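Protein chains: 2
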Amino acid sequence: MASHRIPPSPSVFPPKPQGGASRPPLSLRPWSTRSASTTLQCHKMYVPGFGEASPEAKAAKHLHDFFTYVAVRIVIAQLESYNEEAYADMMKFMENHSVDDGDKFCADLMRESSNHKALALRILEVRSAYCKTDFEWDNLQRLSQKMVEDRNTKVMRDYLSETTMKSEN
Amino acid sequence: MASHRIPPSPSVFPPKPQGGASRPPLSLRPWSTRSASTTLQCHKMYVPGFGEASPEAKAAKHLHDFFTYVAVRIVIAQLESYNEEAYADMMKFMENHSVDDGDKFCADLMRESSNHKALALRILEVRSAYCKTDFEWDNLQRLSQKMVEDRNTKVMRDYLSETTMKSEN
Chain A
2 MASHRIPPSP SVFPPKPQGG ASRPPLSLRP WSTRSASTTL QCHKMYVPGF GEASPEAKAA
62 KHLHDFFTYV AVRIVIAQLE SYNEEAYADM MKFMENHSVD DGDKFCADLM RESSNHKALA
122 LRILEVRSAY CKTDFEWDNL QRLSQKMVED RNTKVMRDYL SETTMKSEN
Chain B
2 MASHRIPPSP SVFPPKPQGG ASRPPLSLRP WSTRSASTTL QCHKMYVPGF GEASPEAKAA
62 KHLHDFFTYV AVRIVIAQLE SYNEEAYADM MKFMENHSVD DGDKFCADLM RESSNHKALA
122 LRILEVRSAY CKTDFEWDNL QRLSQKMVED RNTKVMRDYL SETTMKSEN
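These protein sequences, in sequence, are chains A and B. Here our numbering is used: the first residue of the first sequence is 2, the next is one more, and so on. Here our numbering is used: the first residue of the second sequence is 2, the next is one more, and so on.
It is worth saying that the hints were derived from the structure and are not from the lab. Worth double-checking, as some hints may not be accurate.
As the list claims (entries may be wrong) - Straight-line Cα separation of at most 25 Å, DSS-like style, residue types lysine-lysine; simulated pairs:
id	chain 1	residue 1	chain 2	residue 2
1	A	118	B	147
2	B	133	A	45
3	B	59	A	155
4	B	133	A	62
5	B	155	A	133
6	B	118	A	133
7	A	62	B	45
8	B	62	B	147
9	A	155	B	118
10	B	147	A	59
11	B	147	B	59
What the hints assert, rightly or not - On the chain A side, residues computed to face chain B include the following (Cβ under 10 Å):
id	residue
12	46
13	60
14	64
15	71
16	95
17	108
18	122
19	132
20	134
21	145
If you're wondering where the values come from, they're calculated on a predicted model, not measured in any experiment. Every residue, glycine too, gets a C-beta built ideally from N, C-alpha and C.
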């Protein structure tokens, strides 16, 4: 699947002339090439906009909220089988509280009543166990990389078929 | 960090009597224990609510949009250094188009003009390279697992200090 590996268009990325210093030619891969005079050599692309955090830390935060959402789902399914009363309590609580911010959800649940506190502790326990033991990290990597390739192909294929149809009409 | 490993409260998880069949005792870990009569043995927790997709596939979709966001950031930073005109085009386009749905963003960008199309292809290329080469998957796993532990401790510590203060007052 190399159909989308286009060389950088000169009209979009013309090298900017710099005072005196000769610049290395723009490579096909958009790595952030540092000046040869600096000792620190990094072959990764420069990702701005994350402040002191890394993209990995930002992604971990997203996953953290996702794990809380999964843990809530797991606990609700368990309650549905084992304890209808606690299940009803949980569903009622969820009507007025969003799981989007997982930590706030757990903190609020913990303060609702002593029964709710036990549920909150259960969710904390489950999200820890799920993240450590059940979640398939290798699978996540494989699926993510496949998804990027598949979606890239789709975006380009849709565009091509659209423009081909237009030109035929 | 075992302070939050509470045994399941009998009031929250009372075993439901089942007709005739003797049930295994509830284990401390909330695994989805299947009936002993089924041949399929799964030691993972049952996660409902994802239809035919897995939680890993759902998380991969989140990451996919995140990678597009990162790729847009990378390309913008490159344009800022190399091509002010394209940078201005890109920033203007972003005023009216959200990056939240990464594929739609790329598809729209591709249809804006031929210059924008080159930028869109660049973003597709960068998100593929970033996901495959630059993104630190091991680091993501380490940070996520640490975050769950840290946040669990924080949620419980905040609750304890709050209730202790209340009882002291």
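Hints and how they fare:
Distance hint between residue 118 of chain A and residue 147 of chain B is fulfilled; the C-alpha atoms sit about 23 Å from each other, no more than 25 Å. For the suggested pair residue 133 of chain B and residue 45 of chain A, the alpha carbons sit about 11 Å apart, so the restraint of at most 25 Å is met. Of the supplied pair hints, the one linking residue 59 of chain B and residue 155 of chain A holds, its CA atoms being roughly 19 Å apart against a limit of 25 Å. Distance restraint check for residue 133 of chain B and residue 62 of chain A: the Cα-Cα separation of roughly 20 Å lies within the 25 Å cut-off, and the hinted pair is therefore satisfied.
Restraint check for residue 155 of chain B and residue 133 of chain A: satisfied, since their Cα atoms lie roughly 18 Å apart, inside the 25 Å limit. A C-alpha spacing of about 42 Å is found between residue 118 of chain B and residue 133 of chain A, which places the hinted pair above 25 Å, so the restraint is violated. At roughly 23 Å between alpha-carbon atoms, residue 62 of chain A and residue 45 of chain B fall within 25 Å of each other, so this suggested pair holds. Taking the CA atoms of residue 62 of chain B and residue 147 of chain B, the gap is near 22 Å; set against the 25 Å cutoff, the hint holds.
Distance check on the hinted pair: residue 155 of chain A and residue 118 of chain B sit about 15 Å apart at the alpha-carbon level, within 25 Å; holds. Distance hint between residue 147 of chain B and residue 59 of chain A is fulfilled; the C-alpha atoms sit about 13 Å from each other, no more than 25 Å. Under the criterion of a C-alpha separation no larger than 25 Å, the hint pairing residue 147 of chain B with residue 59 of chain B is consistent with the structure, at around 21 Å. Contact between residue 46 of chain A and chain B, as hinted, is supported at the beta carbon level, the nearest pair being about 5 Å apart and thus within 10 Å.
With a cut of 10 Å, the hint placing residue 60 of chain A at the interface with chain B holds, because the nearest CB-to-CB distance is about 6 Å. Here the hint on residue 64 of chain A is kept, as its CB sits about 5 Å from the closest CB of chain B, short of 10 Å. Evaluation of the residue 71 of chain A hint against chain B yields a held restraint, the C-beta minimum of about 6 Å falling below 10 Å. Taken as an interface hint, residue 95 of chain A does not check out: its beta carbon lies about 13 Å from the nearest beta carbon of chain B, beyond 10 Å.
For residue 108 of chain A, the suggested interface contact is upheld, since its CB lies about 5 Å from the closest CB of chain B, less than 10 Å. Because the smallest distance between the Cβ of residue 122 of chain A and any Cβ of chain B comes to about 5 Å, under 10 Å, the interface hint for this residue holds. A distance limit of 10 Å between C-beta atoms decides the matter here; for residue 132 of chain A the minimum to chain B is near 5 Å, and the interface restraint holds. With a least beta-carbon distance of about 8 Å to chain B, the hint placing residue 134 of chain A at the interface is held under the 10 Å criterion.
Residue-level restraint check for residue 145 of chain A holds (minimum Cβ-Cβ distance to chain B is 4 Å; threshold 10 Å).
The structure fails hints 6, 16 (numbered hints given earlier, in ascending order).
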